[in-house]
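K.L.:
Turn these sequences into a full structure, and let the hints guide you.
2 protein chains.
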Amino acid sequence: MTYCVGVKVNEGLLFASDSRTNAGVDSVATYHKLFVFPQPGERLIVVMTAGNLAVTQEVITRLQQGLQTDDPFSNLLLARTMFDATMMVGGLLRRVIDRDRAYVQSFGADVSSSFIVGGQIAGDEPRLFLVYPAGNFIESEPATPYFQLGETKYGKPILERILNPQTTLAQVAKCALLSFDGTIKANLSVDLPIDVLIYKANSLSVGRHQEISNGDRYFADVCSAWSDGLLHVFDSIPNPPWAADDA
Amino acid sequence: MTYCVGVKVNEGLLFASDSRTNAGVDSVATYHKLFVFPQPGERLIVVMTAGNLAVTQEVITRLQQGLQTDDPFSNLLLARTMFDATMMVGGLLRRVIDRDRAYVQSFGADVSSSFIVGGQIAGDEPRLFLVYPAGNFIESEPATPYFQLGETKYGKPILERILNPQTTLAQVAKCALLSFDGTIKANLSVDLPIDVLIYKANSLSVGRHQEISNGDRYFADVCSAWSDGLLHVFDSIPNPPWAADDA
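Going down the list, the protein sequences come from chains A and B.
Mapped onto the working numbering, the consecutive letters of the first sequence carry residue numbers 1 to 247.
Mapped onto the working numbering, the consecutive letters of the second sequence carry residue numbers 1 to 247.
What you were told as hints is all true, and nothing was included just to trick you.
Pairs involving identical chains hold if they fit within one copy or between any two copies, as the list cannot separate such chains.
With a straight-line cut-off of 20 angstroms between C-alpha atoms, the simulated EDC-like cross-links for lysine to aspartate or glutamate are:
#, residue 1, residue 2
1, Lys200, Glu139
2, Lys156, Asp235
3, Lys185, Glu151
4, Lys200, Glu42
Think of the hints as simulated: they come from the structure by calculation, not from any bench.
P.N.:
Right under this line is the structure:
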């Protein structure tokens with residue numbers, strides 16, 4: 001499994017992904033799922049991946065190979081818009097699954113893969129997209145300022161409670177880590193390290209690219225402060241009157 | 001969809017279920033999913049249901065019809081143990097799906113159904129079981145004091161954080177309602193009213209059977225106190241040092 005979150009707020013974008021890949025519980029490995037395509041001062045594009053690792057690796061490899069061409073439909077750094085860049089990711093995904101699906105399914109496996117694509121190209125706003133397994137995609141809007149990939153349900157409630165376009169990037173980073181904490185606690189196939197990339201609107205360069213590994217002091221502190229705080233809030237709320245000890 | 005929670009703590013048992021049934025978003029109805037088989041002073045058995053409504057209704061109807069017989073393998077009130085009672089539920093489930101599966105699947109629908117069965121029979125401890133769609137089942141133990149049915153993921157983290165065998169039934173009730181709150185907010189197909197039944201160990205009778213409907217004052221208060229409390233805890237935790245505004 002995988003867990004990735006992409007967030008778009010007024011201040012910019014945040015991308016976070018775990019690094020665990022598994023094919024059964026006895027085949028677990030660490031693979032990064034967050035890929036950066038930078039052209040400092042002109043654009044920054046980030047792609048996060050989930051799903052069949054052979055499929056997503058080929059899509060990323062073809063994106064990297066495309067950087068050698070001068071074709072704006074093959075080279076992410078020449079794509080005219082973030083929409084065109086996302087179309088490129090969806091198109092590569094379709095090529096791979098058109099070719100591989102029958103072979104993979106004959107072994108009972110699944111080619112399904114999905115992507116979060118975000119970034120900014122000079123002259124346009126920061127944008128954030130979710131590419132479905134079918135290769136089509138949707139764009140974030142202020143009422144829905146985030147997308148998730150993979151094991152989405154455990155970590156969704158905190159995103160829903162906290163995020164809105166006014167949330168600062170520093171708050172978004174804290175919120176994303178708590179969303180990962182809940183997911184990691186609930187699903188063994190999601191785990192550290194977490195790759196976090198912060199992009200400040202109009203900076204056209206990487207703001208911060210942080211890896212949160214086992215033993216990370218801030219991550220441990222934020223998770224334990226959250227856990228203690230929730231227990232305190234829970235205790236502070238009265239029990240149901242109809243469940244009193246003499247009920 | 002459905003959401004049900006069954007909890008076993010030292011003080012007794014708690015059962016809670018939503019009441020929404022849907023076959024597509026344009027076919028939504030209210031059906032109760034919590035069924036009580038009482039024999040005051042001798043036993044109390046509770047069955048909660050999730051899955052294909054035709055299947056679960058038939059299982060419940062056959063359990064109710066079985067109450068007219070004097071067969072301990074057909075009459076829940078004569079079952080010798082909670083294990084036998086749960087075996088009865090699993091056996092009825094298998095009979096129904098053996099007969100219906102091919103017909104239902106020919107319309108692309110799913111016969112899958114699952115149950116939580118719990119209660120106490122005089123001379124034994126309170127016990128709590130989860131019946132899988134295959135009709136086999138598992139029993140709760142202190143390290144895992146709860147079972148869920150249906151839309152389980154959104155509401156699981158709070159159960160994990162709060163519940164242990166020492167949790168009081170009043171706290172369990174508060175925790176269950178918060179688990180429902182998170183699930184209802186995330187999944188349109190889970191909704192009020194919530195049926196809550198509290199069973200005190202060794203009472204051999206219903207402690208409290210409460211319906212939480214729209215407009216329930218305590219439910220509204222507990223959800224808003226929880227929401228406010230979480231936002232306060234979130235704000236009180238420092239942002240990541242590497243995400244400071246000058247990062």
